[in-house]
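With these hints in hand, go ahead and build the complete structure from the sequences.
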Amino acid sequence: MIQVASGLPLLLMGFFTIQPNQARVFILFGDYKGTVRDEGFHWANPFYSRSAGAAFDAKTGKPTALSTKVSLRARTYNGEHLKVNDKCGNPIEIADVIVWRVENTAKALFDVDDYNSYVHTQSETALRHVATTYAYDQMPGELEGGITLRSNVEEVSEALKEELAVRLEKAGVVIDDARLTHLAYAPEIAQAMLRRQQADAVIAAREKIVQGAVGMVDMALAELSAKNVVDLDDERKAAMVSNLMVVLCSESDAQPVLNTGTLYQ
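Going by this note's numbering, the first residue of the sequence shown is number 31, and it counts up by one from there.
Because the hints were derived from the structure by calculation, they are not lab data.
Hints should not be assumed to be uniformly reliable.
[Said to hold, decoys possible] Pairs of lysine to any residue residues, derived as SDA-like cross-links and limited to a Cα-Cα distance of at most 25 Å, are as follows:
1. 137 <-> 74
2. 137 <-> 46
3. 113 <-> 148
4. 113 <-> 46
5. 99 <-> 75
6. 200 <-> 142
7. 99 <-> 155
Spelled out as structure tokens, the structure:
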């Protein structure tokens, strides 16, 4: 009885609880023995270590102890705004948000120094790589249909997710989602790029107006000819086309002019 009573405190040290979406890593004298993920009340060898060593904290500059209990819950990391050059060399500002969780507890604790810091660092590195792979917007002279950061958000997000999955596999971390949260030209070129976008919009609008005007003029001439409203020679058709194009393409209202003579006088 005395021996049992003296060993009771040691036995009680073996009891522990696991919360939902939590795991505990078993380490016995420096040897990894496994991981328990079942929530509830458990007992294990009291000699299992309660610390997984120490990791260097970049913020404090001091080592911090790593617990053998690892959270398996999904976590969100909002990345800082980064200034990088896109595929065309234009400086841009970009940021992302990723949703991640620990899948392999042994890799998370033993293969990297601090898996939290590792995720943050690799997130920035992956975002920089993706940003330099694509252009911010479609540039003049390039083939249509290319993937750009501004127009193809889904494709870029998927590429970022795949890049992160490869980089974080070593730490036993999986990526549930990755999205861009900020995208803009750097301040030093933002005004110039805005003017270029405005110019492109004006040109596109003018092209649409001209195409519509040409179609309307062609329809008018065809209707006049089909219904024999008036017989126009080539010179009169040219004059009519000129007048209609001015009226249809002008930004201001056309001013009518009454001609009391004829086209040839």
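A quick look at each hint next to the structure:
1. Of the supplied pair hints, the one linking residue 137 and residue 74 holds, its CA atoms being roughly 22 Å apart against a limit of 25 Å.
2. Simply put, residue 137 and residue 46 have alpha-carbon atoms about 23 Å apart, close enough for the 25 Å limit, and the pair holds.
3. The suggested pairing of residue 113 with residue 148 holds, with an alpha-carbon distance near 21 Å, which does not exceed 25 Å.
4. For the hint pairing residue 113 with residue 46, the CA-to-CA distance comes to about 47 Å; that exceeds 25 Å, so the pair is violated.
5. Under the criterion of a C-alpha separation no larger than 25 Å, the hint pairing residue 99 with residue 75 is consistent with the structure, at around 15 Å.
6. This hinted pair checks out: residue 200 and residue 142 have alpha carbons roughly 8 Å apart, not beyond 25 Å.
7. Restraint check for residue 99 and residue 155: not satisfied, since their Cα atoms lie roughly 28 Å apart, outside the 25 Å limit.
Hints 4 and 7 from the earlier list are contradicted by this structure; the remaining hints agree with it.
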